[in-house]
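Engineer: Sequence:
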Amino acid sequence: MKPSEFDIGLEFICGPFWWRCTDVGTRTVTAIRLVEDDLVWYEGPPYMVEEVVLDEAELEDAHLSDAEKIRASIDGARTSGHPGFSHEVVGRMMNEKLDSDPYPRKRLLQFDRVRVDGEILHPYAARRDGRTDGRSWIIRLYLPFTKEWAEVDESEFRALPLSTPDAVSNRARKM
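In this note's numbering, the protein residues as written are 1 to 175.
Mixed in with the good hints there might be a few duds.
In silico SDA-like cross-links for lysine to any residue, where the CA-CA straight-line distance does not exceed 20 Å [stated by the list, open to error]:
1. K147 with K106
2. K106 with M48
3. K106 with V152
4. K2 with K106
5. K97 with E51
6. K2 with K97
7. K2 with G84
8. K174 with L143
9. K106 with D153
10. K69 with E11
11. K106 with A150
Distance ranges between label pairs, derived from CB positions [claimed, not checked]:
12. R78 with L39: 35 to 45 Å
13. A57 with G84: 15 to 25 Å
14. D129 with D38: 30 to 40 Å
15. D38 with S80: 23 to 33 Å
16. L108 with G25: 19 to 29 Å
17. G25 with H87: 33 to 43 Å
18. W149 with D101: 28 to 38 Å
19. W18 with A150: 35 to 45 Å
Calculated directly from the structure, the hints in this document are not laboratory data. Every residue gets a Cβ at the ideal spot worked out from N, C-alpha and C, and that includes glycine.
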């Protein structure tokens, strides 16, 4: 969904949770998560539960019903061309993430990037760069199409363009 599709009070599912919109901006929506049994918690403003800002990227996964979300997930999996992640790959990424130093810029790890050759880079963890006394970071990557593991300097990774559905489709066609 796009921010323009929201109104204050609209309830929607985004990720695994149901939310209620409390404010609409140009590029964001502010919402409260609907997890409490007592509706008193949702009276406001001010609200007694945390308001969370959801940006455009997060709102792409917003839907008005469970059925709509399921249909979109099935359609996305069928048409994206993304090869997905095996159980072994997910396990390794989670273990390495747990064993790594706390990375201060976690948001950088939420978005895949596209290398100059069109390869999709999936960031999953970071480690301090031992060559710089730990002042800079190395981003740990999985390349889902080639099933390879890689690392790149944070500054180099940050400079790459964000992956898009078109970039994934283009990469899938090269297989």
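Engineer: K106 and V152: Cα distance at most 20 Å?
Structural biologist: holds (16 Å)
Engineer: Under the criterion that the straight-line Cα-Cα distance not exceed 20 Å, is the pair K106, A150 satisfied?
Structural biologist: Satisfied, since the Cα-Cα distance of roughly 18 Å is no more than 20 Å.
Engineer: Per the hint of 35 to 45 Å, is the separation of the Cβ atoms of R78 and L39 within bounds?
Structural biologist: Once the Cβ atoms are compared, 39 Å apart, the range 35 to 45 Å for L39 and R78 holds.
Engineer: Given the hint that K174 pairs with L143, does the C-alpha gap stay at or below 20 Å?
Structural biologist: Holds - the C-alpha atoms of L143 and K174 are around 14 Å apart, at most 20 Å.
Engineer: Assuming the hint says 28 to 38 Å, is it satisfied by the Cβ distance from W149 to D101 or not?
Structural biologist: violated (18 Å)
Engineer: With a cut-off of 20 Å on the C-alpha distance, tell me whether K2 and K106 pass.
Structural biologist: Measuring from Cα to Cα gives roughly 24 Å; hence the hint is violated.
Engineer: Measure nothing beyond the straight line between the CA atoms of K2 and G84; if it is 20 Å or shorter, mark the hint as holding.
Structural biologist: violated (26 Å)
Engineer: Between A57 and G84, is the Cβ distance one that fits in 15 to 25 Å?
Structural biologist: Distance hint for A57, G84 holds at roughly 20 Å.
Engineer: Is 33 to 43 Å respected by the C-beta to C-beta distance linking G25 and H87?
Structural biologist: Distance hint for G25, H87 holds at roughly 39 Å.
Engineer: For the pair we were handed, K2 and K97, check the Cα-Cα distance against 20 Å.
Structural biologist: violated (31 Å)
Engineer: Lying within 19 to 29 Å: is that true of the beta-carbon distance L108 to G25?
Structural biologist: Check passed, 23 Å falls within 19 to 29 Å.
Engineer: Given the hint that K106 pairs with M48, does the C-alpha gap stay at or below 20 Å?
Structural biologist: violated (27 Å)
In this structure, the earlier hints numbered 1, 2, 4, 5, 6, 7, 14, 15, 18 are contradicted, and the remaining ones agree with it.
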